[in-house]
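Top line first, the protein sequences correspond to chains Y and R. Note that our numbering has the first sequence beginning at 1, numbered continuously upward. Note that our numbering has the second sequence beginning at 307, numbered continuously upward.
The set of hints was computed from the structure by calculation and includes no laboratory data. Take these hints with a grain of salt, some might be off.
Facing chain R, from chain Y, some residues (calculated, C-beta under 10 Å) [said to hold, decoys possible]:
1) V238
2) E276
3) A294
Partner residues are not named here, just some residues of chain R that face chain Y (Cβ under 10 Å, in silico) [what the hints assert, rightly or not]:
4) I420
5) R423
6) A434
7) Y521
8) N600
9) M603
10) L615
A quick note: this is a predicted structure, and the numbers were derived from the prediction, not measured. Ideal Cβ positions, reconstructed from N, Cα and C, are used throughout, including at glycine.
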Amino acid sequence: MFDLLPHILNGLTLGLLFALIALGFMLIVGLMEQINLAHGSLFALGAYLAMQLTGPRPPFPAEIAKAWLALPLGWRYAATLIIAPAAVGVVGIAIEFCMRRTYGKDPLYGLLLTFGAAMVIEEAIRLIWGTRDYVLQVPQAVSGGFLFQDLIWSTYRFYAAGISAVIIGLVWLLIEKTPFGATVKAGAHDSEIVRALGINLTRLRLLVFVLGTMLAAVAGIIVAPIWGIRPHMGVDAVIPAFLVIVLGGVGSFWGAVVAGLLVGLCVGLSGAYASEWSLLSMYLLLVAVVSVRARGLWGKKSVLEA
Amino acid sequence: MTASPSPSSDAARLVTPAMLVLWVVLATVPLWIARVGLYPYLGIEILIWSLYALAFNLVLGTAGLPSFGHGAYFGIGAYAFGLCQFNLAANLWACLAASLVIAALAGALVALFISHRRGIYYAFMTIAFGQIFWTVAIKSHSITGGEDGLLKIVRLPAGFGVISFDLTDNVALYYFVLIVFALALMGMWRLVHSPYGRVVAAIRQSETRASHLGYHVWLYKASIFTLSAAVSGLAGGLFAMAQLAAFPDVMSLHQSGYVVMMTLVGGGLVSFWGPVVGVFLFLIARDVIGALTNAWMLYFGLLFMAIVLFRPEGIAGAAAAAFQKKSLGSIRRQGSSAMRLLFGGERWR
Numbered sequence: 001m002f003d004l005l006p007h008i009l010n011g012l013t014l015g016l017l018f019a020l021i022a023l024g025f026m027l028i029v030g031l032m033e034q035i036n037l038a039h040g041s042l043f044a045l046g047a048y049l050a051m052q053l054t055g056p057r058p059p060f061p062a063e064i065a066k067a068w069l070a071l072p073l074g075w076r077y078a079a080t081l082i083i084a085p086a087a088v089g090v091v092g093i094a095i096e097f098c099m100r101r102t103y104g105k106d107p108l109y110g111l112l113l114t115f116g117a118a119m120v121i122e123e124a125i126r127l128i129w130g131t132r133d134y135v136l137q138v139p140q141a142v143s144g145g146f147l148f149q150d151l152i153w154s155t156y157r158f159y160a161a162g163i164s165a166v167i168i169g170l171v172w173l174l175i176e177k178t179p180f181g182a183t184v185k186a187g188a189h190d191s192e193i194v195r196a197l198g199i200n201l202t203r204l205r206l207l208v209f210v211l212g213t214m215l216a217a218v219a220g221i222i223v224a225p226i227w228g229i230r231p232h233m234g235v236d237a238v239i240p241a242f243l244v245i246v247l248g249g250v251g252s253f254w255g256a257v258v259a260g261l262l263v264g265l266c267v268g269l270s271g272a273y274a275s276e277w278s279l280l281s282m283y284l285l286l287v288a289v290v291s292v293r294a295r296g297l298w299g300k301k302s303v304l305e306a
Numbered sequence: 307m308t309a310s311p312s313p314s315s316d317a318a319r320l321v322t323p324a325m326l327v328l329w330v331v332l333a334t335v336p337l338w339i340a341r342v343g344l345y346p347y348l349g350i351e352i353l354i355w356s357l358y359a360l361a362f363n364l365v366l367g368t369a370g371l372p373s374f375g376h377g378a379y380f381g382i383g384a385y386a387f388g389l390c391q392f393n394l395a396a397n398l399w400a401c402l403a404a405s406l407v408i409a410a411l412a413g414a415l416v417a418l419f420i421s422h423r424r425g426i427y428y429a430f431m432t433i434a435f436g437q438i439f440w441t442v443a444i445k446s447h448s449i450t451g452g453e454d455g456l457l458k459i460v461r462l463p464a465g466f467g468v469i470s471f472d473l474t475d476n477v478a479l480y481y482f483v484l485i486v487f488a489l490a491l492m493g494m495w496r497l498v499h500s501p502y503g504r505v506v507a508a509i510r511q512s513e514t515r516a517s518h519l520g521y522h523v524w525l526y527k528a529s530i531f532t533l534s535a536a537v538s539g540l541a542g543g544l545f546a547m548a549q550l551a552a553f554p555d556v557m558s559l560h561q562s563g564y565v566v567m568m569t570l571v572g573g574g575l576v577s578f579w580g581p582v583v584g585v586f587l588f589l590i591a592r593d594v595i596g597a598l599t600n601a602w603m604l605y606f607g608l609l610f611m612a613i614v615l616f617r618p619e620g621i622a623g624a625a626a627a628a629f630q631k632k633s634l635g636s637i638r639r640q641g642s643s644a645m646r647l648l649f650g651g652e653r654w655r
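Bound-form chain Y, shown alone (with noise of 0.2 Å):
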């Protein structure tokens, strides 16, 4: 029993990175009830910029460039889990004035919207970037390994983990416990009387759909020195974010959670006896629960089924 706590740890850790990939997406469908296929794209993209940024050659002018290079990893490190989840907010605006028209229609059109938006990002990222892989540099603090039960276990999935719970603790509380949560819930459950009281539900949706792209960045951020950064890595985010969503329930903010840990847990345990067969289980996971529970594990009812 004793061998599989490396197995199970490793895959509450990728649990925790599961439910952080999807909580950006379950955002955008639990409270506007549209699929943003565009989620992985913009999840590299998070971490190209990332990459960009802390790299040697920053997209700055010359003069900013050469103060940004001459601040510790660490400092430059901290400043880009802020400015690429901005730049990436902008480009997620763009997709909400695009998305907006589609809002009185059917949710298969803002999912074909953003299959568009995801083709057309990763595309400019093989255009910008190419197809090589890179590598996101992380602090000395957060990188290397330690021992411990004479096992060397990676800091920085530990770290990826740590912070990937506390971002999922503070959209628990900006949703169920802020004004702000409060409208935009309201907004979804009732738009006509949300607009009756005189809220701008247009911003508030626009608000909630760059919350829900920054999340994405932020992901990317996160996962993308463990994944490694290549233009697939949109794809390999974006499946199981939607698969966390529906075995989790859509519409369920800890059904998301707790399915991102079972997936995690259901990739990591099989890792350990069949790796090469390891990506297979969370769609076995996935095809066992939904024929047992038509909603997945927690969901409610709502439009995305008809």
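Given the coordinates of chain Y, assemble chain R onto it according to the supplied hints.
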């Protein structure tokens, strides 16, 4: 017209005037395709993908079921063609039959799990199964050749008892694929307009209503999915023959997305011919824009976004509006209501 409220007079026919015109035009393609700067192989590709998109539209357009992992059945057909050729019988008919049957079996297996699901859960179950098949295809090196693909598939001669036609030449293969396409087209046209097809279309409008009328909704949903998978597999088999190999990438989520894209750009939700229109546009755009710039997906992606935003009824929808002198608005409403039915009720009123 799958979504047309009043059945057109062509509905009962086996061969419609539109079909005849299309066949005649397609039959002349090898005569001029090289002169306009394209090549015969593109013609084969267009026919195969049209067949695939039409089969896909049985599920998306006719039944209103969002299947986003259809590439799996296309890919399974391609592998079945190759494996049958290597291990069972190097006979064209046997191999094509294998493509059809194996893909149908895979489709039936998946249908078993998903046919009682709706909307986003249906869509994601199809993606999950698509990914399962894709992963299996990539990881089973000994059977499928993994990521390198199943190579050295040959174009088998089409034997009819005494005579047999060599299909190694692209033009010969083009005509063979055209005949298969024509036959399948007739079959699907009849299927969509048969009593069975009507029930499937009724299920698209309202599952609840159809089941209250006494139809076994689950069975219809499962059978149309299986049929669609079978024809997709047949197209996959032809594709393996055209490519001389079977690769796992046609089973990936991206490629499954392309067929959705082609079908919707063409207007599959409002017209039987939509998928064919979409495939023509997609593949020709790929070659023409691709010749000018490497980043053709960038421009096609932008074009796709523009179509979703401004012409959501697709090209066939816009054309139908022009020909039938209907207002674009009514066609669009028809397309929109079809879309709404795919994913559910009205919101943000």
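_Violated constraints from the hint list, given by number and in increasing order_ = 7
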